[in-house]
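Colleague: Taken in sequence, the protein lines are chains U and L.
Taking the numbering used here, the leading residue of the first sequence gets 255, the next gets one more, and so forth.
Taking the numbering used here, the leading residue of the second sequence gets 14, the next gets one more, and so forth.
Just so you know, the hints here were simulated from the structure itself, not pulled from any lab data.
A quick note: this is a predicted structure, and the numbers were derived from the prediction, not measured.
Don't take every hint at face value.
Partner residues aside, some chain L positions facing chain U, computed with beta carbon under 8 Å [to be verified]:
hint: 1; residue: V47
hint: 2; residue: E76
hint: 3; residue: P88
Beta-carbon label-pair distances, calculated as ranges [unchecked claim]:
hint: 4; chain 1: L; residue 1: G127; chain 2: U; residue 2: T503; range: 46 to 56 Å
hint: 5; chain 1: U; residue 1: G536; chain 2: L; residue 2: G42; range: 46 to 56 Å
hint: 6; chain 1: L; residue 1: A183; chain 2: U; residue 2: T476; range: 47 to 57 Å
hint: 7; chain 1: L; residue 1: R102; chain 2: U; residue 2: S484; range: 17 to 27 Å
hint: 8; chain 1: U; residue 1: D336; chain 2: L; residue 2: V187; range: 40 to 50 Å
hint: 9; chain 1: U; residue 1: Q405; chain 2: L; residue 2: G101; range: 33 to 43 Å
We put the CB at the ideal spot given by N, CA and C, even for glycine.
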Amino acid sequence: MSFTIATSLDDALAALADGARPIAGGTDLVVGARQGKDPLPQNLVAIDRLGELARVEVTDSEIRIGAGVTHAQLMVDASVVDHCTAIADAAALVGSPATRNVGTLGGNVMNGSPAMDTGAPLVVLGATAELRTASATRTVALDELWTGPGQTSAQPGELCTALVMPARPATSGSAYVRLEYRRTMEIAVVGAAASVTLASDGAIESLRVALTAVAPTILEVTGLDDLSGSTVDDGLLASVAERASGQATPITDLRASDRYRSKMIGVMARRAVEAAAMRARGEAVAVPVNRATGVGAAE
Amino acid sequence: MTDTTSTSPTPAASGAAADINAVSLSVNGAPYNVAIATDRNLSGVLRNEMGLTGTKEGCDDCECGACMVLLDGQPINSCSYLAIQCQGREITTVEGLASRDDLHPLQRNILAAGGVQCGFCTPGMLMSAHALLETNPEPTQEEIRIGLSGNLCRCTGYAKIIEAVANTAAETPVAPPSAG
Ligand SMILES: Cc1cc2nc3c(=O)[nH]c(=O)nc-3n(C[C@H](O)[C@H](O)[C@H](O)COP(=O)(O)OP(=O)(O)OC[C@H]3O[C@@H](n4cnc5c(N)ncnc54)[C@H](O)[C@@H]3O)c2cc1C
Ligand code: FES
Ligand code: FES
Chain U
255 MSFTIATSLD DALAALADGA RPIAGGTDLV VGARQGKDPL PQNLVAIDRL GELARVEVTD
315 SEIRIGAGVT HAQLMVDASV VDHCTAIADA AALVGSPATR NVGTLGGNVM NGSPAMDTGA
375 PLVVLGATAE LRTASATRTV ALDELWTGPG QTSAQPGELC TALVMPARPA TSGSAYVRLE
435 YRRTMEIAVV GAAASVTLAS DGAIESLRVA LTAVAPTILE VTGLDDLSGS TVDDGLLASV
495 AERASGQATP ITDLRASDRY RSKMIGVMAR RAVEAAAMRA RGEAVAVPVN RATGVGAAE
Chain L
14 MTDTTSTSPT PAASGAAADI NAVSLSVNGA PYNVAIATDR NLSGVLRNEM GLTGTKEGCD
74 DCECGACMVL LDGQPINSCS YLAIQCQGRE ITTVEGLASR DDLHPLQRNI LAAGGVQCGF
134 CTPGMLMSAH ALLETNPEPT QEEIRIGLSG NLCRCTGYAK IIEAVANTAA ETPVAPPSAG
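Given the sequences, and given the hints that come with them, work out the whole structure.
Modeller: And the structure:
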């Protein structure tokens, strides 16, 4: 086995070119190996010390979140909370403080779990993944990146360096809500993210909704275009809920039946759109939405 | 692949298996050098190579928090963190809390409040609580609960542990925000 601690991006890319697999927080990789899922890769390169990957950059046209940014950073970073609130909502729910301190956005995305919490927020915010090798950089749409449970279209040797989202108008808001049975150390039973942009009259200009843990990969709800121009009222929320439930293809496992998941995904989608619209109007909804809307409330 | 500017651990000198690496890290302020296999977890190295058995292993699966230690001041589950990835970094374990003669205020308060029964969760609880108070000296009840949310206790029912953290925060003077 070999283990390299990269101190520069070039270091990391060279190690990857030599066949090493990246390790960031190890909260999927090491935990999975110790559980006997997949043995630890023979050659590893630690990417958690790369400052280049740990930055959040905002320009007039885009928001760029480095793949090495941890969940603990995401949930409090002012740019993320302002521009990509749904991602902060999601990051705040991941595991425990210990998981969030080392677990990264890039690890969450590249691990490819259909239950990944940052996935649906990234989709509704229009994110693309930047993948780099020692010689080339390419941009991949997320629906092309995630090919199945635990599978991505990334090639060996490719490092995810950032998730990049277009800047959105000030009248936009986003939110992520997840159904959980307990408030911490939980995996999404189901989850939904929404992003909403409102026109000057308060009607919907654009709306995107994506779902967690109801399909082999993160699922974007399609056919929402006809809702543009509607006001955010009960009828609209019911229509979104129905479409989300209708498009989900969940499985039954020990955490929930497929029928329960199908029903609940509508409820989560509705709450996500509601919270996103409130944020778009400039109303304060604390991060994470789960606590603010009482999902999983203990008291 | 290792160059002079890299902090890569170096393969140990002749005779050792190829998989053994020389790793140096600081634990509770003291330097340690260990020769360990790449796949060794930090909790195992702390307990077996360094004799620091205050850190417990409950689940070995990132679920219980008995193995909680601080990596550069931040709590991590040491059962599931590779020791080799700590090369050159600072680890704090429960042994680093008390000073020579005095218990740490958190230790004193958790005893006083009755927050220790079997004691197996206690070192991990203390490390999470310590990290919380370092960054948030006046936490709310909710913030204490979130701070301890990666630590399971099967004995106390948590209330007395939370009380001990709140008591510690209450008795610790918070530096007033500096003017200007
Ligand atoms: C107790 C516990 C609770 C958890 N709770 C949640 C939860 O609530 N929600 C959730 O979504 N997840 C959860 N997870 C899963 C995990 O913490 C997250 O997916 C985390 O974001 C993974 O990041 P990491 O840096 O630890 O990844 P690692 O384990 O280091 O890597 C994961 C995979 O991605 C690859 N990889 C990592 N970074 C890159 C990169 N930049 N480019 C290319 N490939 C890369 C690695 O090679 C590996 O295959 C939990 C895990 C644990 C142990
Ligand atoms: S032993 Fe590490 S979390 Fe249980
Ligand atoms: S005191 Fe026994 S587990 Fe907490």
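Colleague: Against chain U, with CB atoms and a cut of 8 Å, does the hint on L/E76 hold up?
Modeller: holds, 7 Å
Colleague: May I ask you to test the hint 46 to 56 Å on the CB atoms belonging to L/G127 and U/T503?
Modeller: holds, 51 Å
Colleague: 40 to 50 Å was suggested as the range; check whether the CB atoms of U/D336 and L/V187 agree with it.
Modeller: violated, 29 Å
Colleague: Starting from the hint 47 to 57 Å, judge whether the C-beta atoms of L/A183 and U/T476 obey it.
Modeller: holds, 54 Å
Colleague: Is 33 to 43 Å respected by the C-beta to C-beta distance linking U/Q405 and L/G101?
Modeller: For U/Q405 and L/G101 the Cβ distance comes to about 34 Å; the hint holds.
Colleague: Holds or violated: the 17 to 27 Å window for the beta-carbon distance between L/R102 and U/S484?
Modeller: violated, 53 Å
Colleague: How about L/V47: closest beta carbon in chain U under 8 Å, or not?
Modeller: The hint is violated - L/V47 has no Cβ within 8 Å of chain U, the shortest such distance being about 14 Å.
Colleague: Is the hinted range of 46 to 56 Å satisfied by the C-beta distance from U/G536 to L/G42?
Modeller: Hint holds: Cβ distance 48 Å, inside 46 to 56 Å.
Colleague: Can we keep the L/P88 interface hint, with Cβ of chain U closer than 8 Å?
Modeller: Where the cut-off is 8 Å and the nearest Cβ of chain U is about 5 Å from L/P88, the hint holds.
Hint check: violations occur at hints 1, 7 and 8; the rest are consistent with the structure.
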